[in-house]
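Protein chains in written order, with this note's numbering: chain P, -5 to 198; chain V, 144 to 595; chain C, -7 to 783.
Hints are computed from structural coordinates only; laboratory data are not their basis. Quick reminder that beta carbons are idealized off the backbone N, C-alpha and C, glycines included. Just to be clear, a hint being listed does not mean it is correct.
[What the hints assert, rightly or not] If we take Cβ atoms under 8 Å as the criterion, some of the chain C residues that face chain P in the derived model are:
#1 P113
#2 T114
#3 R142
#4 K146
#5 H147
#6 R230
#7 W232
#8 E233
[As the list claims (entries may be wrong)] Simulated restraints on C-beta separations:
#9 T70(P) to L461(C): 49 to 59 Å
#10 D58(C) to E299(V): 54 to 64 Å
#11 A330(V) to F68(C): 34 to 44 Å
#12 D21(C) to G366(V): 26 to 36 Å
#13 F318(V) to D731(C): 48 to 58 Å
#14 G366(V) to K49(C): 22 to 32 Å
#15 P178(V) to K49(C): 54 to 64 Å
#16 F68(C) to K234(V): 28 to 38 Å
#17 P178(V) to D145(C): 52 to 62 Å
#18 K234(V) to K49(C): 20 to 30 Å
#19 L461(C) to A330(V): 36 to 46 Å
#20 H415(C) to F318(V): 54 to 64 Å
#21 N535(V) to E184(C): 43 to 53 Å
#22 E397(V) to D410(C): 46 to 56 Å
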Amino acid sequence: MGVLEIAKGMGVTLGKLFTKPVTVSYPETPARLQPRYRGRHILTRHANGLEKCIGCSLCAAACPAYAIYVEAAENTPTNTLSAGERHASVYEINMLRCIFCGMCEEACPTGAVILGNEFEMADYKTRDMVYGKEDMIVGVEGSKPQRREAAKNTKPVKRGFVVTPRREVEEAINANKNRSSSVATIPGSGVGVKPNLELNEVKR
Amino acid sequence: MTAILENTAPEKPKSITSGLDPRFKPRLYEHVGVPNSWTLEYALKNGAYEGAKKALAGTPEQVQDEAKKSGLRGRGGAGFPTGVKWSFMPKEDSKPHYLVCNADESEPGTYKDRYLMEHDPHQLIEGMLVGMHAIRANVGYIYIRGEYILAAERLERAILDARAAGLLGDNAMGFGKSMQVFVHRGAGAYICGEETALMNSLEGLRANPRLKPPFPAQAGIFGMPTTVNNVVSIASGALIMRHGSDWFASMGTEKSKGNFLFHISGPVKRPGVYELPLGTTYREIIYTWGGGPTEVIKAFNPGGSSTPMLPFTDEILDMQADYENCAAKGTFLGTGGIILIPKNCDIVNMMYNYVRFYAHESCGKCTPCREGIGTWMVRLMQKLISGRGDPNDVKILEDLFGNIKGKAFCLLADSCIMPVQSAYNLFKEEFEYIAQNGKPMYSGYANRWNVE
Amino acid sequence: MPKVIVNDREIEVANGTSALDALFHAGFDVPYFCSNEYLSPVGACRMCLVEAGSPRKNPDGSWMMDDATGQPKLFFFPGTVASCTLAISEGMVIKTTSAPAVKAQAGMMEFTLINHPLDCPTCDKGGACELQDRAYEYGYGEARFEFTRRHADKHHALSDFIVLDKERCIHCKRCVRYFEEIPGEEKLDFIERGGHTYIDSMESEDLAGRNLGNFSGNIGDICPVGALLDNVARFRGRNWEYDCTQTTAMNNADGASIWVDARTGRIERIRAGSNSSVNEIWINDATRYGHEWVDADSRLKTPLVRKNGKLEPASWDEAVAAIKAGLISTDKTKLGVYSSADITLEEGVALEKFAAALGTINVDHFPRLNAALSSVNRPTLDELARADAVIVIGADLYEESGTTYLRIEEMLKGVVSDLKYNHGTALADLRLKERMDRKRNKLAVFAPIRVKQMEHAGISEVYAIGGELELLKQLLASKSNSNFETTPAISSAAKLLAGAKNAVIVLGSFALASDAASVLAAAAKLGAKILPIPAAANGAGLEFLNLTPGQNGRTYGQFEGLKTAFISGYAADRPKDLEFLVVHTTQLVGAALKADVVLPQASNYEKRGTTVNLEGRFLPVQQAAVNGGESMDLIGAISALADALDVKLEIRGTRSAGRELNTRFGLDFENIPLEGVFPSKKPTAKAAATLRFGGGDVLLTPRMWQEKMLIGSARVRESIGLDNLMLSSTDASKFGVKDGEKLEVNVNGQDRTVIARVFNTASVPSLPALEGDVVGSSAVLKVAMAASGDD
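Based on the sequences and whatever the hints tell you, model everything.
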């Protein structure tokens, strides 16, 4: 090994001293996520406001961590939540068990569950880590503790990251924002119904 | 002694195989068209019930032998020897036997029974007596197509007259035997022409074909031995008893004996029913009797819509119409209902009409017929004729033939596939043309479906 | 036996076997939808297409030879042939994997799928669907059909319990055939034809008027797709999510095998299990749909203790303390311990030992008969199905014992589906036909009311209530002397009996309720096998235990002189003069409302044990994954009681009870096979005087739905509607009742609103008749209510 090599090595070290650091001082500075970063799930809606989830439980079957629990119920004329005859009355994901592998998204026949980008879900109680439909439906911003914090301070939800969401997530969020009518048609049936946009109370 | 007799016997006269033969005289349709031919009075004057008298005087076996000797084969399409069919009935059992006359004539292009029943009902009733005697039945049913209102009324009337005259009833014709004939009117389903579906319908059930075995001769209507015969087969039975089996056997070719009702439809000068001996050439039937086509013809169905079609060539025209010749050409003599297909009529259009009919008439029991024809094929053809087809559709169509043919429960599905497949084989270019270009190769009759 | 070659394997199967069974026997597989083990083969789905050929014989009996090979020449059917309707013959060759056969099967699968909606994610059959499985195995994998498929009613309720999705139907006709062939009542048929064909019931236009009979639920089990679905379990879970337990139904004494499907501790669905020698694959609707009470709000899940005159929830410890306080001063020998007879043998033996430890003679099980059922020569249900004469006396089997009813229907057909192959029962038994001729003259039915089974019996008669002994006497007299003068029905039944080799007499609750001992003795003289229907689910098993009162002991229902009692099961009313009552039950009704301590009882789906069905067959009861809260079975309740009373118990669990039973019956109670077993030794059965109920002026007739099912399920209540009280016109005028009037009837201490139906025919019994839970229990017509009117 000669002097030249040592000088080369030192040169690299010196050069790095003057570049911008990779680390960020999160959470003061927001972290920048890659668009395909897989975080907390989003339950999407059709453009007409109906939930895409049909309660088929295939995500639960595909889940390698057994993190998902679904209970289904029948759509009635007075309580139509989804297109078709069946909706999820209970949809729960245990975020402690979830490994964010995205198998649920792949298994979903209707594109109802997609993985978003949120990851700041640290909480105090185990039962608070079980996310229900009301915590994941598209339009809900932030995780449970973040929303709790926001409600307490009556401030908007503060998230510690920035991201350009991938196409699916962006489409789902935009579709929900532009959700048009209050009367929707069940695809294929030609029947106009008033979708129930309120989340059903979980009955156990 | 017998040997000498045989040697000295005169040479058998040549069999009658043309309607132009001076020896030929129409018998089945002898009285059709004559005023009041349907009355009992007229019938008795013209020798009706003579055959039945002869039959009832003998044993059932004698009647069966006479039918076997005559070479009479079923006129409903399948061509099974009638005498042999009668002999299948169990000989010594305590069960009641039934004879059912299949007058559910629903095959497109077939209308021979209609005039027979409308104009000469007593001939059929006489035939019923002969047939019932042959199979030891005391009850006979005439299952008549619901749309044949006049025929049904005349039959009812004829039965009442015959009963009043003692020809039917508890002591029919004085032979001490109870013979009853009833008319049962169908509700308008093609499938009721299938014998087991007919039996279900007769029992008041849904007209689905039944599983065979048991064959009707073992367990038919109400679970009892039953024989189902076509109207013309039964009427021919009466004629054979009246005129003798030799008279019947003197007509026709070697294995197809007797007189036959050919009927022509399509663009021909004189469409109608023609009673001719079997073995008459198609040329004679179409040109001499039918008066020749009025348009250029490309093909014809020889025996109703269910039979594979034959090209309209000299070779085929000079063919003698009988069971064997038709079978050799891959088709059937069927009911003898010749349907001429003009060249100017696009074959796909024509076949859509066929498929539509069979799709409508499918009973829905088995999958290939219900889904294959009733759902898929009819829509595929519809797509083709409406000009939205693509070449792949023709490939699918060809595949469907294979997936349906021979796989269905009864013959209805095959009856649909056979003519369509034969048309496809003969005129493949027309199918490909319409799939490729979105319009038919021949534009005649093209506006047929615009009405719908 | 003829040899058949399937693909490359040569097998021997019995004559008359279908090609479908032959190829399954050989270990091959073809798809099929319309065939079912117990239904006639029809060849409607055309899925089981194979190539088949067989050699033919010359007229002289020798085989027609193929000159090229020197082997018998094979004549193949043109194209492919449906194997389910093809009978095998000697030397037949069946090809299931040849190119034409594979093409035909795939092509047919494509046809089946073109009109089938892609509902699998929302369909309750998804994951357990024959069409789904077969489409994976045999389908093309992609669709060529590009048109819109058939659209039809997707939610068509056939009854309160069955919902039909007309789009999903593949027209296999199993359900239509089922109704005609198994219970013998035509309820469904195809409507329309061709591509428009759909299934419907012509019973009634509106749901309320539709009655699909007592066995309708089975069509959901046999439907190969999700067209006919269990409405009770609708969307409750996916098939792979259920915890499935095969056990024995204990709502009646049939011993029918069932699957209990539970999810998150709730029973969501019950399906029929397969036990070819008992229920085959059929169960009645009460067995199938009568489970909602288990998870209903009315279900007791914690002990209740009376404090300040009110029953309040408590822990088991508090309950034990309360019992201790209540019973501490009692003479233990004066304590009455009673249990309903739908408990397992293990619980029974625990109760027996407990009573012995207490030293009380006041022990009983209810309802029960006053005779030992094992004292007569009982047939098995298979023998019943093979009998050449069956005489049913005093039974409404349609309601009382569904399995017996269906096995008698099988007897009428004359074909018992028992052909055993490598794959089990024949899939396509060619002996079975559509609309088979029934041997109606082999069945005689006598009952005090017009019962459903009479429609199928060649000989039937309505006799006067209580006339069983007289009827049996006349039968005997008429059998030995053909000139004996009696009614035509009795003399033809006697003739039937005299000419039969394997006759069976079935005795039901009407005949046995009051004096089973004399009736059984009289019936035994007729020389036929006798099948008495037990009064409760395990009546035939508990009779082997010491569960009847000793000399001067108090039977259930006659509590005079008792100061304290423990009753397990549904009791009507608190016995009078009792100082302290402990009730162990599942629902807070009847006596439980007036008890001092109420203990929550585990349902029969929640325990492990053994039951004995009406044949005397020992069947296992398995514990399903059901959350019963703090409820306990009888062994648990007795343990608590023993703790309170400071009694030492030999049996403190199912295992120790099983060990005790092992020695008595010579069976391994840990490992009773699911299809049941007959024990090698039987202790002598105990019988005691009949339980006399209050009498009353209404005849209670059997009903398949139990009281607890009605209480626990609004759906069942609605489907049954108000009960009908059948009255003759004489009775109507006696009580001053008009047809259609609403009345109150006090049944076992509970008031029930009923509708009076006045009949003017002889077929109405001599007492007003009402469907009830237990025959022989008391029911009093409250005429005063009637007089005041209901408006």
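- Message: Does W232(C) hold up as a contact with chain P if the rule is Cβ-Cβ below 8 Å?
- Response: Check passed: Cβ of W232(C) comes within 6 Å of chain P, closer than 8 Å.
- Message: Less than 8 Å between beta-carbons is the criterion; does H147(C) satisfy it with respect to chain P?
- Response: Check passed: Cβ of H147(C) comes within 7 Å of chain P, closer than 8 Å.
- Item | T70(P) versus L461(C) beta-carbon gap, inside 49 to 59 Å or not | Since the Cβ atoms of T70(P) and L461(C) sit about 57 Å apart, the hinted range of 49 to 59 Å holds.
- Query: Per the hint of 20 to 30 Å, is the separation of the Cβ atoms of K234(V) and K49(C) within bounds?
  - Reply: Holds - the Cβ-Cβ distance for K234(V) and K49(C), about 24 Å, lies within 20 to 30 Å.
- May I ask you to test the hint 28 to 38 Å on the CB atoms belonging to F68(C) and K234(V)? Holds: the Cβ-Cβ distance is about 33 Å, inside 28 to 38 Å.
- Message: Using the nearest Cβ pair, does R142(C) come within less than 8 Å of chain P?
- Response: Violated, about 13 Å.
- Query: Given K146(C) as an interface hint, is the shortest Cβ-Cβ distance to chain P below 8 Å?
  - Reply: Hint holds; K146(C) Cβ to chain P Cβ min 7 Å, cut 8 Å.
- Query: That 48 to 58 Å hint for F318(V) and D731(C) (C-beta), does it hold up?
  - Reply: The hint (48 to 58 Å, Cβ to Cβ) holds, given that F318(V) and D731(C) are roughly 57 Å apart.
- Given the hint of 52 to 62 Å, check if P178(V) and D145(C) actually sit that far apart at their C-beta atoms. The hint (52 to 62 Å, Cβ to Cβ) holds, given that P178(V) and D145(C) are roughly 55 Å apart.
- Message: 34 to 44 Å was suggested as the range; check whether the CB atoms of A330(V) and F68(C) agree with it.
- Response: For F68(C) against A330(V), whose Cβ atoms are near 39 Å apart, the range 34 to 44 Å holds.
- Can the suggested window of 46 to 56 Å be confirmed for the beta-carbon pair E397(V) and D410(C)? holds (53 Å)
- For the pair N535(V) and E184(C), does the Cβ-Cβ distance stay inside 43 to 53 Å? violated (31 Å)
Violated hints for the displayed structure, listed by number in ascending order: 3, 19 and 21.
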